[in-house]
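Position chain B with the ligands relative to chain A; hints supplied.
Quick mapping for you: the protein sequence lines, in order, are chains A and B. So the first sequence is residues 214 to 319, counted in the numbering used here. So the second sequence is residues 12 to 460, counted in the numbering used here.
Just to be clear, a hint being listed does not mean it is correct.
[Stated by the list, open to error] Stretch-level coverage of chain B by chain A, calculated; a stretch enters the list once three of its residues show a Cβ under 8 angstroms from a Cβ in chain A:
hint, stretch
1, 77 to 90
2, 96 to 103
3, 236 to 250
4, 344 to 354
[To be verified] Quick list of in silico lysine to any residue cross-link-like pairs, SDA-like style, CA-CA up to 25 angstroms:
hint, chain 1, residue 1, chain 2, residue 2
5, B, 405, A, 279
6, B, 454, A, 277
7, B, 405, B, 241
8, B, 87, A, 301
9, B, 87, A, 282
10, B, 437, A, 282
11, B, 405, A, 277
12, B, 454, A, 256
13, B, 405, A, 315
14, B, 180, A, 256
15, B, 454, A, 308
16, B, 405, A, 289
None of these hints come from the bench; they were simulated from the model. Given the structure is predicted, the values throughout are model-derived calculations rather than measurements. C-beta atoms are modelled at their ideal positions from N, C-alpha and C, and glycine is treated no differently.
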Amino acid sequence: MPTVHFTDAEGAVRDVQGNAGDSVMETAVRNGVPGIVAECGGSLSCATCHVFVREDCLSQLPPMEDMEDEMLYGTAVDREDNSRLSCQLRLSDDIELFVTTPETQV
Amino acid sequence: MSTHAVEQSSAGAATGAATEGATPSETPARTGLLIIGASQSGVQLAVSLRALGFEEHITLLGDEDHRPYQRPALSKEFLQGTVESESLIFRSNEYWAEHNVDLVKGEYIVRIDKEADGSGVAHSSSGKQFPFKRLALTVGARARKLEIEGGDLDGVLYLRNADDALALKARVGDAQDVVVIGGGFIGLEAASSLQKMGKNVTVLEFGPRLVGRAVGEETAEYFLQAHRSRGLDIRLSTSAKRFTADGAAGDGRRAVAGVELQDGTVLPAQIVLIGIGVIPNTQLAEQLGLAVDNGIVVDRFALASDGTTVAIGDCANMPNPVPGSAPGERIRLESVNNAIEHAKVAAYSLTGRREEYAGIPWFWSNQADLKLQIAGLCNGYDQTVLRRDPERGKFSVLYYRQGQVIAADCVNAPLDFMAVKNALAKGQNVPAAAAADPATPLKTITTDS
Ligand SMILES: Cc1cc2nc3c(=O)[nH]c(=O)nc-3n(C[C@H](O)[C@H](O)[C@H](O)COP(=O)(O)OP(=O)(O)OC[C@H]3O[C@@H](n4cnc5c(N)ncnc54)[C@H](O)[C@@H]3O)c2cc1C
Ligand code: FES
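One chain only, chain A, in its complex shape (with noise of 0.2 angstroms):
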């Protein structure tokens, strides 16, 4: 079973498990991770599911396209290179990911 391990800003973490297919935004907000808002509900419309990947994690995930490029240079809080939004990252079945919450997402 894929899981996710959030770290919120305080660094509080959170261990999900979640479903092959699903993204991680999905998982987050269903179980009610705070720090994930995500109002366009995964249609790349909000930037309010930004998440920093950590780095040994990053080439498990899909690459990024132009569009999430853009949208990521409008998160509350500013990007960093490790930055990715939640809704475009599907889990596969046996992905392991460490994700962090920026301190505000709007």
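Frame of chain A, contents of chain B with the ligands only:
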């Protein structure tokens, strides 16, 4: 929670004793918050209240048989079959259980008895009673019906909720020709989805341009050209006179076969999808004697005219929340962003931490490969600036009032959208003269007003 129950029932017993023949035991204890309408704004209200430490019991009640879900995908990804219904569910059952929120599905509230202190009992059509100490109306809006001949034929459909979307999806397979009535967001989104699914789609718009209410001339024209070049048949200033049926009447309802226009032309249609706007659900508010005027009238703290009931989202008519808008101006917004932001205001209000709604309204609409993002509200603009980058398919319009940017419509241009949204949130400006060059990132020319 229990202390309130005791207070309430002992007060009831006291008055009951003084009133001839009253049976206080029939009145269930009035506790907690009852949220009527389990959708975008109702869900957000419950979630925000728990985040703010609200400890009373919450009942989140809705008339639909589905767990609360997101509507936007119904005309887009869900219709096209690219997302599953499970992905549209807002929160897992475990979440509601953990947060002491009772989710009630399939109950339609028909009447509410309410006292001056804000407590009362809501009655559902199945005869159940839902007592409450505090009430929130998050009842949204319903599709406006097109009352013309043939409007009740099988295959004449609307798209407001999951059942509508399922009904539409169930027929798509057999249909070749679809006529969409209404060139607003829902109509155009559904039309492009259906076209992508291989249907022959015609859009009829009564007005002289598309999306009459929400965007300016330039954006409307951009969408018209863009959709036509992608093969959608869009007919402006055209209305349907009646829907025709197949000659052969079956046992059941007759099925729609075509749409007859005012000039007598008949367009074949096995599906007619009507998207001509919505009407706010104000029946309960009216029955309660609340002020209603194109929605339930609320103040800037989301309180209705009785001073205790909160009303939020599509059903509410509120003071225009945009900083700098004309004093006394009121507005009813139909968007996810508004449902969320308005719910936050209500959550603060209910926890005694009154805060004004000062978010920047924004909206999105995905149609074919066109991603429209709107920041701010363009009402009352006196100048527009166009940014076009035809090579990259980008297009934005910035709206100004007295030299100050107030809104932007951006198509496939998230950078422009984000720059204007951020500038509005910070009270900054994007000077018109410098904004016209599409090669200049708006972020670099933003000034402190
Ligand atoms: C097909 C579609 C596509 C959309 N696309 C977008 C988009 O791309 N972007 C965007 O920003 N917005 C979009 N919207 C608009 C957005 O979904 C709405 O603004 C939002 O859902 C409003 O939320 P609400 O909770 O105020 O009302 P609603 O979502 O209308 O919810 C009200 C709920 O209350 C229930 N109810 C009403 N009366 C009673 C009663 N008496 N008893 C019990 N239950 C009752 C209703 O059945 C409903 O479930 C779209 C809407 C639709 C229909
Ligand atoms: S959920 Fe809106 S961009 Fe990811």
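Taking the hints in turn, this is what the structure says about them:
1. Figure legend: the stretch 77 to 90 of chain B, annotated as covered by chain A; annotation consistent (5 residues with Cβ-Cβ distances under 8 angstroms, at least 3 required).
2. Counting residues of the stretch 96 to 103 of chain B whose CB lies closer than 8 angstroms to any CB of chain A gives 6, so the stated coverage by that chain holds, three being the minimum.
3. With 0 residues carrying a beta carbon less than 8 angstroms from a beta carbon of chain A, the stretch 236 to 250 of chain B misses the three-residue requirement, and the given coverage is violated.
4. Counting residues of the stretch 344 to 354 of chain B whose CB lies closer than 8 angstroms to any CB of chain A gives 3, which reaches the minimum of 3, so the coverage claim holds.
5. For the hint pairing residue 405 of chain B with residue 279 of chain A, the CA-to-CA distance comes to about 13 angstroms; that is within 25 angstroms, so the pair holds.
6. With a C-alpha separation of about 22 angstroms, the suggested pair residue 454 of chain B and residue 277 of chain A falls inside the 25 angstroms cut-off, and the hint holds.
7. About 16 angstroms separates the Cα atoms of residue 405 of chain B and residue 241 of chain B, which keeps this hinted pair within 25 angstroms; it holds.
8. Among the hinted pairs, residue 87 of chain B with residue 301 of chain A is consistent with the structure: their alpha-carbon atoms are about 17 angstroms apart, no more than 25 angstroms.
9. Restraint check for residue 87 of chain B and residue 282 of chain A: satisfied, since their Cα atoms lie roughly 22 angstroms apart, inside the 25 angstroms limit.
10. Using a Cα cut-off of 25 angstroms, the hinted pair residue 437 of chain B and residue 282 of chain A holds, with the two alpha carbons roughly 23 angstroms apart.
11. Only pairs whose Cα atoms come within 25 angstroms are accepted, and residue 405 of chain B paired with residue 277 of chain A is accepted, the gap being roughly 19 angstroms.
12. Of the supplied pair hints, the one linking residue 454 of chain B and residue 256 of chain A holds, its CA atoms being roughly 23 angstroms apart against a limit of 25 angstroms.
13. Restraint check: the Cα-Cα separation between residue 405 of chain B and residue 315 of chain A comes to about 29 angstroms, which exceeds 25 angstroms; the hinted pair is violated.
14. A distance of roughly 20 angstroms separates the Cα atoms of residue 180 of chain B and residue 256 of chain A; the hinted pair therefore holds under the 25 angstroms criterion.
15. A distance of roughly 37 angstroms separates the Cα atoms of residue 454 of chain B and residue 308 of chain A; the hinted pair therefore is violated under the 25 angstroms criterion.
16. With a CA separation close to 23 angstroms, the supplied pair residue 405 of chain B and residue 289 of chain A stays within the 25 angstroms bound.
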